[in-house]
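K.L.:
With chain U fixed as given, assemble chains E, F, R, D and Z onto it according to the hints.
The lines below spell out each chain.
Protein chains: 6
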Amino acid sequence: MEEKNMNELLKKAEVLIEALPYIQRFNRKIIVVKYGGSAMVDEELKQHVIQDVTLLKLVGFKPIIVHGGGKEISRWVEKAGMEPEFVNGLRKTDEATMEIAEMVLNKVNKSLVKLVQELGVNAVGISGKDGGMLKVEKKYSNGQDIGYVGEITQVNPKILYDLLEKDFLPIVCPIGMDENYDSYNINADDAACAIARAVHAEKLAFLTDIEGVYKDPKDPSTLISELPISEAKKLIEDGYIGGGMLPKLNNCIDAIENGVSRVHILDGRIAHCLLLEIFTNKGIGTAILGDKETKYYHE
Amino acid sequence: MEEKNMNELLKKAEVLIEALPYIQRFNRKIIVVKYGGSAMVDEELKQHVIQDVTLLKLVGFKPIIVHGGGKEISRWVEKAGMEPEFVNGLRKTDEATMEIAEMVLNKVNKSLVKLVQELGVNAVGISGKDGGMLKVEKKYSNGQDIGYVGEITQVNPKILYDLLEKDFLPIVCPIGMDENYDSYNINADDAACAIARAVHAEKLAFLTDIEGVYKDPKDPSTLISELPISEAKKLIEDGYIGGGMLPKLNNCIDAIENGVSRVHILDGRIAHCLLLEIFTNKGIGTAILGDKETKYYHE
Amino acid sequence: MEEKNMNELLKKAEVLIEALPYIQRFNRKIIVVKYGGSAMVDEELKQHVIQDVTLLKLVGFKPIIVHGGGKEISRWVEKAGMEPEFVNGLRKTDEATMEIAEMVLNKVNKSLVKLVQELGVNAVGISGKDGGMLKVEKKYSNGQDIGYVGEITQVNPKILYDLLEKDFLPIVCPIGMDENYDSYNINADDAACAIARAVHAEKLAFLTDIEGVYKDPKDPSTLISELPISEAKKLIEDGYIGGGMLPKLNNCIDAIENGVSRVHILDGRIAHCLLLEIFTNKGIGTAILGDKETKYYHE
Amino acid sequence: MEEKNMNELLKKAEVLIEALPYIQRFNRKIIVVKYGGSAMVDEELKQHVIQDVTLLKLVGFKPIIVHGGGKEISRWVEKAGMEPEFVNGLRKTDEATMEIAEMVLNKVNKSLVKLVQELGVNAVGISGKDGGMLKVEKKYSNGQDIGYVGEITQVNPKILYDLLEKDFLPIVCPIGMDENYDSYNINADDAACAIARAVHAEKLAFLTDIEGVYKDPKDPSTLISELPISEAKKLIEDGYIGGGMLPKLNNCIDAIENGVSRVHILDGRIAHCLLLEIFTNKGIGTAILGDKETKYYHE
Amino acid sequence: MEEKNMNELLKKAEVLIEALPYIQRFNRKIIVVKYGGSAMVDEELKQHVIQDVTLLKLVGFKPIIVHGGGKEISRWVEKAGMEPEFVNGLRKTDEATMEIAEMVLNKVNKSLVKLVQELGVNAVGISGKDGGMLKVEKKYSNGQDIGYVGEITQVNPKILYDLLEKDFLPIVCPIGMDENYDSYNINADDAACAIARAVHAEKLAFLTDIEGVYKDPKDPSTLISELPISEAKKLIEDGYIGGGMLPKLNNCIDAIENGVSRVHILDGRIAHCLLLEIFTNKGIGTAILGDKETKYYHE
Amino acid sequence: MEEKNMNELLKKAEVLIEALPYIQRFNRKIIVVKYGGSAMVDEELKQHVIQDVTLLKLVGFKPIIVHGGGKEISRWVEKAGMEPEFVNGLRKTDEATMEIAEMVLNKVNKSLVKLVQELGVNAVGISGKDGGMLKVEKKYSNGQDIGYVGEITQVNPKILYDLLEKDFLPIVCPIGMDENYDSYNINADDAACAIARAVHAEKLAFLTDIEGVYKDPKDPSTLISELPISEAKKLIEDGYIGGGMLPKLNNCIDAIENGVSRVHILDGRIAHCLLLEIFTNKGIGTAILGDKETKYYHE
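Protein chains in written order, with the UniProt record's numbering: chain U, 1 to 299; chain E, 1 to 299; chain F, 1 to 299; chain R, 1 to 299; chain D, 1 to 299; chain Z, 1 to 299.
Excised from the complex, chain U in its bound form:
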């Protein structure tokens, strides 16, 4: 064999060997992936995310995908001749809008099932209605009734454990039912966080459209790669965190405080960001972790 080829092969082997301790560490651990943003629009990125999650499944992890469907819902609301309406960033969801939202979310859900099946792994697409998984109550926006927007009050993880035990990859769309069994739309970040807590996930990873958490969002050099929750709280207190990052970071803190070992905010626009974070020596994005964990496992 030529030297050049040989060297290339050796590099390949080294990458695989580099992954060894991470595979070992997370074997049979549950990882919840919140899938959204650009990574859900760009066809190539989509393919990469699904490959990553499928690989995690195959090497012994137990991934669960939780996804949203934001822009697609608006598109169909308009198609049906209605006007999407938002109150403080939350979609005002009357009965007709909820009907469309449920249709669209389930469509997106099954399209992800398709992508995973295509790679030879068994997936099942469910919503929070199946097996009564997500119980909600109506969420008010500053006291205003905005319709079928739900806040999770309880997670029944039986269906997730059953599907994982039977070796399926569960793909969840964030719809739940209230005590009258009416359907509600749920924020996908919230759903991912609540599910991660309920199944005692080892990891919760958010695929987002930003590189991570910055000390100063205007200065890319201030990207924080590791953020203990006490520091995260301080950043919030001190007003460094704003916009869509604020609720997300609060979700991260909540997850860590409820037993999830580590939460990652990853840049979904980077190909295979999930794989790289988990299987290489150099983590990417921002990892939120408990205060007592003093040493990052990538060293």
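No wet-lab data here; the hints were simulated from the structure. Bear in mind that the values here come from a model prediction, so they are computed numbers and not experimental data. Any given hint could be a false lead.
Where chains are identical, the list cannot tell them apart; a pair therefore holds if satisfied intra-copy or between any two copies.
Derived EDC-like pairs: lysine to aspartate or glutamate, alpha-carbon spacing no greater than 20 Å straight-line [stated by the list, open to error]: (1) 11 - 145; (2) 4 - 14; (3) 292 - 179; (4) 79 - 99; (5) 79 - 238; (6) 114 - 179; (7) 158 - 94; (8) 138 - 94; (9) 114 - 83; (10) 215 - 238; (11) 138 - 151.
P.N.:
Only chains E, F, R, D and Z this time, still in chain U's reference frame:
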């Protein structure tokens, strides 16, 4: 206690006792229910069907619901500004129509999940894409390409067995994937029949909008209550059977010939027709059965 | 179908549907039935009780029958040329009497096995000696030695759990052994109560020859349908309860205080009283329950 | 330690070591013991038999005891003022006699349960009615109806397998039911043989009141220690075998021909005959075996 | 049968029956046997020990053998041209010596496997390196570095539980690894004690070259047959115990204080000492037990 | 992130994704690795092989290592003052040599256990004596008795299945016992082949000191990457194969003909050859396969 009340109570007890041998006979047996027609439109009938299936589940049967969504699909196709089109009774299904069909079928699917959950039983709504359950190929109508209309070539029942084992009631909408993982619409009767065969169902019940099979459809007194498949074939040969009943009866014959013990054509417009057929001394509708079974179990 | 028949069928269906929530509530729960009194003498009532218990088994309950054999024992004692003798309502049981009592109780036991097997359900007839289930010590009647009359000191439920797991219906006759492995006769009410406690039964039902507990036994209109144990204790304190009801009620209180959810005193002379109590909206007899349970489940 | 004691201890150890290969050979194998004759009357012999069977259980065998109750039945028939009557050696069994027989057999059954429990092993006493184990039809004696005397037509071994799995020692009294669920008395030898066949027993041992099979019953020196079934058949053909031994030997042949590996006719009057046969180098009594087995395992 | 033979047989049976309560008491209990001393050198004694342990296995115990290899190691060290060296009774173990020690111990280990397999029981020979069972740190002798001599810091019993569950007899040689995964020689007494603690053994038996613990080692009549640990401690305090017995007795005390029920110091020079201790009415050697156990089970 | 780093990361991800289909294909399949040659001498290569096998284990394969110890045995034979002697390439193995061989092989065995444990995976080192796994008979070299050299006559795979089920990595050294339980040395290639057959391995990989099979060993360009067994037989027939490759190739053919799907002859001198063969698009070495398999899975 007053005599009148006492008598009434006694009658109640007798109804329950009457059900005893049937509960015993079908304990832990799989029954596939094709749910469609009026029973899917009328809210009260809907409620009755769901109560019936839930009761079957609770007393030890293992029911699987397979449903269609015909009229609702047309409604949404029109809503999206398109024109429903049929070729020889089959919906011409271009990509846009298929997208809507999948959305609608999944919506109907999850609405049935809701009704079962409301009665306190755990249901999971899946399509034939989940777990790669239904493999299809394109179906041609007299050689004409009518788009994403699929014919089932293979059923992988793993997901159904897994859900039944974990005590869920599976609710299936008839969508499958071909070898390129494209989605196809499937006739719900065909899907119910293929699934019943694949899981070796004890019973397959079609909820329809007719009373059963007639020797002479114009003469209600010619309703056949028991039909061995050899006679069914003869009726078809002799031209007695036409319209929508022809493919349905062929499906019945196919099911019986492939290991399903008994197929029922029930009048879904009768409240609790399913329960009455199974739990009382007097069967209703038409039962298609093997030729060797000479005695009907209701006597 | 004629309207009249149709209506009758519909009524049947409604009875079955009425049972649905109760089947669900008690699914896989253990129910101990103390079987005695007239319901054990009258052949038709006997048949009804066995049908009821068998149905409970088939729809998912786990019933255990505990029975006595009082009058039959006396008949055989006399047949053997001896004189039945009672001290304060307890049978004086010398060795010869005990031998006969054991023979008769086991005969009755196996005759119940026969009735259940006849309905197609697997039963096993055991006494408290099998698997060392019932440990007793000698019971004195006001200090007087009355022979082989035992008081239960310990229940080893292994054999009951094993038989239930293997899907048998256990039928128990109340004989136990003391630490010398001598056999003792046990009051059947006491045995039923001790067993219900040991297996953490959901329900304990006494089939008796009265309608239930009365505030004033002379006034049938004072039948109490629901009796929290604090009130039961007060009734006893205030001297309203006497005769055979007193120890029975004490047993009921004991059972509730030791984890049984609900105890029923049913009129065994009413056909299918067990079924009617459990499966219809209108309970019959008297239900003894914990004080904290404020709402009766039949509403 | 003194030499004498030491030698005695060493002898003890050698006896235990001698048992080693037999324990190993029969580990987890089923052995059916037909218990009857003197060993059931003499209290000391009784104790020995129960010790033996209990030891077999403890070292890993799966013993099943099948017992009769002959003389005791006659005693109670007389006690009840009736006259025992025999036709060709079979008890004429009218309904009243059958009732007594069932009472007595169950009494004996539970007295054996007591003896085993006393040694700390869990036993369950059942009859062939429990779990529908023994199905019979009426047996005629040369065409004469002799009442409730049954011939086994079918054995349902489920209850035996379940009890063995749950680590109980099953003790069986030979009563069965016909297709009308009427009770019948069964010859205990026949019952033991039918059960041994049904559970594919490794061994079937008859405890009898003779030393074994003789070539010439008048000459004790002609005791046969090993008897291949072809030779057994020849002995019968040649008229050497008579009396009670004839049906017993036929039962042995039947058992061997239906999968039981070895049948032993043991002298129940010898203390611990069962243990000695199984655990020492020198078998006792007569072993009936297949023709192909040429080497006896005691050498 | 002749009277003399008969009597001999009866005695055999009595030995077996004598074992019955002990078999019962220790059924499925773990017993750790430290195998060493003369019993490992003399071929006949070796055979006896293996027979004993195998018999224990066959009658339902779960034995684990822990063995040393002392003299054999020295023999091979010399063979390799090196000089065995001891510091305070501990072998000075440089790298070369450790290599030989590991070779010899594994050879001895597999030779024991052979002896057990020969008796038809499945054995697996492992060291403390397999499955990471024994974690050690370097042991110093009065502060002096004596090389690869290890002190156990942690026992991971998974491999032992797994092998026992799969019905193997584990045979362990005392080698462990430190945190750098270097191999260390461990004192076999210490290893047996640590393992007995880790698997919550019912018994720990040391096969030694002395009769047991003496009050006065010079006076054979002062052999102690039962020694509660408080008395053992007092004996040590008072200086009665010396030589190799001191660490052994400390090990015994440690085991009892950590959940092992009883520790036996047996004279391995007595044939079948293990069997005799466990299966006969007269224990041999010295039993160390908790202070609260007031009655010795051999009475 | 800098572009250069980004590209490097992306390449890493691609390597992992490239492995995805192979991980999937061999999930839970058994792979037997014959470990020998240079890869067992060079410390770095050793490390690589163990990393590779450990990674295979972690991503879901079930690897079994079979190793030899050739040169190390000779070294110790000499050390003990003896002269290694070979007859037709087979080591003449008298009793003393066998003793040393067993010591050395077990030492090597445990040193591999250490390397695997170091990487955090549980390994168990066994020989063919454990659990009676390898039964052998004496092997003669052209009729000449060469001592304790064995030929495998039977493999009892129970111990391997048990260890795999309990998630251990079995490491096997090639020693077996004959019917007298004497130990024999076995050729490691033969052992690996026999084991692969017995456990129905998916793959058998030989780590050797050559690049693979050549059409013309003198011309490196004639390396055969895929060799159907019919062609392999032809190569042998035509005399192209000689030396140590001949028995190896015969082993390969034998394995394929007995159910192993694919056998690989890999160059153990290439770092991570095992990983590269299995996880990359470009196989290395020579793959021997069945004639019917027409398409190589690396395309």
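K.L.:
Look at each hint and say if it fits the structure.
P.N.:
Hints, verified against the model:
1. 11 - 145: Classified as neither; 58 Å inside a copy, 43 Å across copies.
2. 4 - 14: both (15 Å within a copy, 19 Å between copies)
3. 292 - 179: neither (39 Å within a copy, 24 Å between copies)
4. 79 - 99: both (13 Å within a copy, 13 Å between copies)
5. 79 - 238: neither (43 Å within a copy, 50 Å between copies)
6. 114 - 179: between (32 Å within a copy, 11 Å between copies)
7. 158 - 94: neither (30 Å within a copy, 38 Å between copies)
8. 138 - 94: within (12 Å within a copy, 38 Å between copies)
9. 114 - 83: So residue 114 and residue 83 fail the 20 Å test inside a copy (30 Å) and across (27 Å) alike.
10. 215 - 238: The answer is within: 11 Å in one copy meets 20 Å, while 71 Å across copies does not.
11. 138 - 151: within (6 Å within a copy, 43 Å between copies)
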